[in-house]
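J.: Can you build the whole structure from these sequences, using the hints too?
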Amino acid sequence: MDAILLQILNGLDKGSAYALIALGLTLIFGTLGVVNFAHGALFMLGAFCAVTLNRLLSLGFVPEDASATSVGGFSFGAAKETPYVEHWFGESVGAAIIDWSVPLSILFAIPVMIGIGVIMERGLIKHFYKRPHADQILVTFGLAIVLQEIIKFYYGANPIPTPAPEAFRGSFDFGALVGFDPNTIIYPYWRLVYFAFAALIIGGVFAFLQFTTFGMVVRAGMADRETVGLLGINIDRRFTIMFGIAAAVAGLAGVMYTPINSPNYHMGMDFLVLSFVVVVVGGMGSLPGAVLAGFLLGILESFASMAAVLETLPGINQIVIYLVAIIILLTRPRGLMGRKGVMEE
Amino acid sequence: MGILEIKNVNKRFGGLQALGDVNLSVAENTVHAIIGPNGAGKSTLLNVLVGKLIPDTGSVMFDGQSVLGRKPYEINQMGISRVFQTPEIFGDLTVLENMMIPIFAKRDGAFRMRAIGAAASEREVIEQAELMLESLNLADARHDHSAAMSRGNKRRLEIGMCLAQEPRLLLLDEPTAGMARADTNNTIDLLKQIKDERDITIAIIEHDMHVVFSLAERITVLAQGSPLVEDTPDKIKGHPKVREAYLGESA
Amino acid sequence: MLGLTKKDFALLLVVTALALFAPFILNPFPEGSGMAQFNAGYPDLMQRFAIFGIFAIGFNILFGLTGYLSFGHAAFLGVGSYAAIWMMKLLTDNILPAMLLSVVIAGLFSLVVGYISLRRSGIYFAILTLAFAQMSYALAYSVLTPITGGETGLQLKLNDPRILDAALAPGERANANLFGLDMTASHELYFGAWQFTFNAGYYIAAACLILAFYLSIRIFRSPFGMMLRAIKSNNTRMTYTGLNARPYALAAFVISGMYAGLAGGLMVAMDTQVGPERMFWTASGEVVLMTILGGAGTLIGPVLGSGVIKYMENIISKINGSILHEWFSWMPDGLEDALVTLIYPFVGKGWHLTLGIVFMLVVIFLPGGLVEGGQRIGRMFRRNGGASRAAKDIAEQRNPAE
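Taken in sequence, the protein lines are chains A, B and C. Going by the working numbering, the residue at position 329 of the first sequence is 520; the numbering climbs one at a time, nothing skipped. Going by the working numbering, the residue at position 141 of the second sequence is 137; the numbering climbs one at a time, nothing skipped. Going by the working numbering, the residue at position 315 of the third sequence is 323; the numbering climbs one at a time, nothing skipped.
Think of the hints as simulated: they come from the structure by calculation, not from any bench. Don't take each hint at face value.
[What the hints assert, rightly or not] Covered stretches of chain B, as calculated for chain C (at least 3 residues, CB under 8 Å):
1) 104 to 116
2) 190 to 196
3) 223 to 232
[As the list claims (entries may be wrong)] Computed from the model, here is a short list of chain C residues facing chain A with C-beta under 8 Å:
4) Met43
5) Ala139
6) Gln142
7) Val348
8) Thr349
9) Pro375
[What the hints assert, rightly or not] Pairs of lysine-lysine residues, derived as DSSO-like cross-links and limited to a Cα-Cα distance of at most 27 Å, are as follows:
10) C:Lys357 to A:Lys343
11) C:Lys326 to C:Lys357
12) C:Lys240 to A:Lys321
13) B:Lys48 to B:Lys102
14) B:Lys48 to C:Lys240
15) B:Lys102 to C:Lys240
16) A:Lys317 to C:Lys240
17) B:Lys67 to C:Lys240
18) B:Lys3 to B:Lys237
Don't be surprised by glycine CBs; every beta carbon is placed ideally from N, CA and C.
T.: Right under this line is the structure:
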């Protein structure tokens, strides 16, 4: 029992990331009818928002009064930089700000990612609404390469460790909290934070679509693009904003993922392929399907990584998602929650 | 016994009875029109005939064989060709190539690998195709991209492609929808010519009464998923039930 | 001639001439000159031109004709490579059985993948093929390590059984050969300051390329090819003309898979090693890129596209900061530095950035690729009668009298 719970918990963080990326992919596909192969790159850009903010905050200078630490002409501490934030806000507040750079990046990433999303849509994607899906795939694939190569140029090819705040590092005994034997389920704090954060974002997106007029129009658009197109009113601008929101969701997923996996330039591509599989399994065009499939496949992957499973089926963790996707597509082409008529022949 | 026998066909979509107990017999070598107001179930019936939809109950026999459960291409190979509301042609191919493909399909069946010989050396196929294009007055355009043709010529080409397969039953789905008057009249003339020159049964779904009364030998009126009346064009013209179906309760 | 129209035969002759004289054509600059770095006439690169040309020609039969976009063709290339290396390890160093097996195995594998993937079309098809390819990559990387050598891949070893071959003399290495002709054997020709290299392996690959190109012309012009174009053009009309589109598409898929297998087998024949990265999905993306860049659906396009990409990859990734400074040294210092800073991200390790940008530009502005670009330029020069030209071209190739 506790082993099962542990695997479910272990699957949550990856599942959350899949669900968030798949949610954005589905929003874009459902509203704009565009298959966005650059969506993984948006996830990656979000992660690098966190890296960038961390670097900005850590920018420092060598204090004027460094002589205080010099002894007999040798200035031992002279090379030590003091970050500006510590200088401005005092040492303890400044250190706390740096420590909390990842959560703070959320505030930084939202406007940046919405901006990137809007520019992408207005500058490129817009011109591809009427082109064949193959062209959409190809141009966004090219864009993904360009984005990741730009990041590689400026940040290098190696993963950049970006730690969580001190308070959330380490693990805690989750099992004991819910009544299992102590030390059976040890769970890192940050993963729980990530899951809670993902749940919040997903809830937010759904509430937004459910309870605002804007959301109503978007949902109607996903149900029947042509009819809503006939209504005419500002539908273009709404779609642009929707693209921005989807970009922000992917970006935030990336921001918060940095402490779990140190970001590198190709992380987006790695997640993209799986997120597409998630979208297809969930059902093209179904938002709840994307979320459900994201978590299911994340957890499934985690179960497949159990030592007992790997003993009998070595390497199954590497391929289980693809296998499931192939089986689902063949037996239930519409996916788990896909509606009839969406992307069918 | 007609060439096409539809018996007790029912089809529901959720709560909507799209087809209710449809019985219809199309006699060989006639032009049979199926008319009715919007939502009468004409398109649903057509989709059942070509294998795109499977009815909930009932039987559809073509020339003594059931078409139900067969794939559209199999039904086509049985001898039923379909002309679409908006012309469906191979827009990226030349007019001549468009005409060659149904002739290949007729000769080679649903699938045959002919990957080494050149299409251009299939003399018989090309001759047949050119003959057909001449009879359609499209021979001059044979090396043009078919997508660049006028709507009326696309329609002619599509009808010609169906005829090239020498079908026994030709289904036409509102063949003059959205056409200018001149194109409509051209299409009517073409269909009359086909009717006179060939042993072929034509079933036509149409809104335009001018087209229906110019061509049809028998007419079935469909309303709310069921056949209302079936008769000759002269009798249908003055039929009170038909007026009621078309003009509503007030008539 | 050879069952081709005059025009197609001329095209075949052009490709044949390019392939045969590649060692001259690609080495226009004398050794030791500043421009020698732009020479591409050395065996390793020429082999890649031929191999990726074959890969792209095959991919074009699927994508260019039917419009089905596969994002997993590298898997077939990889499978072909593994099959070939095992043949060379177990049976003989002769590359002929290895290449035959790689074509057969890749064909069988693509039959399975295609049978399943072609049950869906459009985006679903692209994602299914992508999923299959990624799964193959993951399998080769981990689970199938006993067969694939995992991350390190497979190489020819001294103690391989090679049951048909005589035991190696001490100090002798196992060499890929064709009935004794060593793939690495080269003949150097000096002509003044120029040096030309004729490599056995390259000519084997070039022969395969010419054959592959010839076959693709035959397929393009055949009734089968016409059916494939019909699928791309209008699947509905295809179905309602009594044609079953799926076996046609599957046949195209398998043929293109076999081309990929041949390319994979040739790779092994040239460098006698294989690793799983060959199957990674970016490798599948690369062949899509080559085909589009050259011109999908055209005969010569994939050959051009693969050549251009492999050449640019090789040349651009060699350029570094000091070379750039050398180039612009005649400029005022400030301007020189500015230009170098501006260009630097796109060369050397930044080659992929250039590739991505070129790719986007082609998809946006020139969906027909280089071939369409060439036609547009050609049309600009002979404006008059331009409209009827396309029709006349088709008329010419249709003319059965030739």
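J.: State for each hint whether it applies.
T.: Structure-based check of all given hints:
no.	hint	in the structure
1	104 to 116	holds (count 12)
2	190 to 196	violated (count 0)
3	223 to 232	violated (count 0)
4	Met43	violated (27 Å)
5	Ala139	holds (5 Å)
6	Gln142	holds (6 Å)
7	Val348	violated (15 Å)
8	Thr349	violated (12 Å)
9	Pro375	holds (7 Å)
10	C:Lys357 to A:Lys343	holds (10 Å)
11	C:Lys326 to C:Lys357	holds (8 Å)
12	C:Lys240 to A:Lys321	holds (17 Å)
13	B:Lys48 to B:Lys102	holds (21 Å)
14	B:Lys48 to C:Lys240	holds (20 Å)
15	B:Lys102 to C:Lys240	holds (20 Å)
16	A:Lys317 to C:Lys240	holds (24 Å)
17	B:Lys67 to C:Lys240	holds (20 Å)
18	B:Lys3 to B:Lys237	holds (22 Å)
The structure does not agree with the numbered hints 2, 3, 4, 7 and 8 stated previously, though it agrees with the rest.
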